[in-house]
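Keeping their order, the protein sequence lines are chains A and B. Counting along the first sequence from 1, when you hit position 140 you're at 321 in our numbering, and nothing is skipped either side. Counting along the second sequence from 1, when you hit position 305 you're at 311 in our numbering, and nothing is skipped either side.
DEER-style ranges, computed between Cβ atoms:
1. A:T285 / B:A308: 18 to 28 Å
2. B:L127 / A:A320: 37 to 47 Å
3. A:D395 / B:P97: 54 to 64 Å
Note that these hints are calculated values from the structure, not bench results. Using N, Cα and C, we set each Cβ at its ideal position, and we do this for glycine too.
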Amino acid sequence: MKRKIIALLLVLVIALTAAACGGGDTTPAATEEPTTEATPTPDATATPEEDDDPADDGGDDDLTFAIITKSAGIPFMERMAYGFENAAAAMGFNAIVQHPVDTTAEAQITVINNLVAQGVDGIAVASNDPYALESALQAARDQGIVVVTLDSDTAGSQLFVNQAGVFEVAQVLVDSVYDMTGGAGQFAVLSATSVATNQNAWIAAMEEIIAQNDQYAELEWLTTVFGDDEAQRSFDETQSLLVNHPGLDVIVAPTTVGIMAAAQVVLQQDSDVLVAGLGLPSDMLGLVGDDLPTPYMYLWNPIELGEVAAYALAAFANGDTDGSVGDTFTSITGTTFTIIAAAPEVGIVNAQIIVGLPFRFDGDNIEEWAQVY
Amino acid sequence: MSLRLKKLVRTREFSLLIVLILLSAVIQWRNPHFLTATVIDSILRNYSYTILMTSGMLMVLLVGGIDISVGSTLALSGMTSALLMREGILPNWWMAYLTSLGVGILCGLLVGIVITKGKVLPIIATLGFMYVFRGLTFFISDSQWVGMMQLLEDFRDFSQGTSLGVSNLIWITIVVYIFVFILLKWTKLGRQVYAVGSNIEAATVSGIRTDRIKLFVYAFNGALAGLSGAMFVGFYAGAQNNIAMGLELDIIAACVIGGVSLKGGQGTIPGVLLGALTIAVINRSLSLTGIDPFWQQAIKGAVILAAVMANVLMQRQSVRRTLARREI
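Could you build the full structure based on these sequences and the hints that come with them?
Structure (structure tokens):
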């Protein structure tokens, strides 16, 4: 009897584990001859017509592109991967989506090595570290694999698909502060982790913009704190800001978890402080609008970001560009992208293309966008 | 014998209280805003579930076990009720709390069964479940977050609201602490928990069904983690998949600071309450005192070690004094 119970339990555990993995992303190793059978990934919903007659497809169709997100469980990354899959499907390529187990470079290196072994044709990666991926990506390129970065850059990539120019983002953040303080006042920054590449780039660019513009002379930057993208930590940091700086006017959080926590604290404490920054519409519904902690906020469209990464990989694979500055390529939607120089001073080490300007969400459009992402 | 033991226990908590007061004094010196009603209230609110779960961990440690899956249990139970609210299945706040509680009890029972019937070492069994429950959280939520407006309004209102000027979450914690205190001190079941942890052979010989006691303790611990899941999601007004990662370490640290023996059989509710408060104060003070973020983790670890050592040293001193007095 006891044995039966144990055996049953073991089966249950294995079943649960398998169920948990089912939502994951492992693909059977891609074959060396992709023509014989495309390997449908368990969750590659974007390529449902896998069984189409290969005869009427062009030569490019056998290319397989992979996207590596920062980690599983981040809605922004999920939407980005969705856009990538859709664009690849629209161009007739296979897409593989890989979510590393956590937000570390180590987890991404494992995934990159697996993809190289599978023999994919292109990799787009949202890097977790500014340097640590370089040798893994170089190894991939030595195999003839095209490598681009998106969302956050890293050494070793051929092109950075920039969601929005660093200075454009920093500019809207500074302008938010300028507007919400009425031109003069105190503000503080609530960031993610202290080593997050893109947050640090935006913060550095904000410093530069404020320093170089007399218009912002009356803005007093009190401090920058780090909530580690955790609810509890971000709550603690926000509450400490409110306690330590009674004259605080605005908190800027260039991170989706941070802005949510900060706005939540301000709402719960009924404080007069306003919260600006970059937030996900579906999470910020109820916090963005007139008379709410966040009058307006910004973000870009993650779906579009993923799509452009797929277009960039295709442009490299087709020979439309080799990644040199000044090159242009046109996506199947008709948009032309121009490759511009790197900006190492803000953490962009590769030549880059810019997807678009940050998009503004306010009380008028937040409900509509909350349905999207 | 029991009188002397009581005295010893009392000094243990007393030395811990001194550590906490010293720590608070240092923070107060660094930041005069620390000892104000607003800050103290926010510390108790933000850490109510950490303090709550410490009492469950106390019972697990008392029987000589350990449970490092509680952070994942919190995430799974919180996510479950959040998703059910999003789908409009749960009608009101207390149903949501009960759902999370139920998921927590199931998780705890599963852990307890594997440990008692499967004879797996507690740290290994709960390590496994830490990943299983976390994975399930990702799976059921399809890696999505649940946003503020997708939660029931009365659920958020209750979790963020107050009764008689005190946060509802703090009330829950107080009630649970009184319950566990009475359970451990004055009930047969509570004394059996101590007996199992002090000497399991003696407990078995004296007719205590040790497996049942262990199963109860893990289920109770799971129940508190489940309850905390609802508290967390309601208070922070949103459910993410990665919530409460690493929380188990803070909770175990709180127990150790509170004088709980990892070998079992030793530890009290007042002790872990002080331990949990110490951890909450340490965490909060990192942001209040403006310590460089790069140093915060190292400083947190150092303060935990210092608190444990100060507690042990002061306690040893008082034991020596008691012994000396006895010889006279």
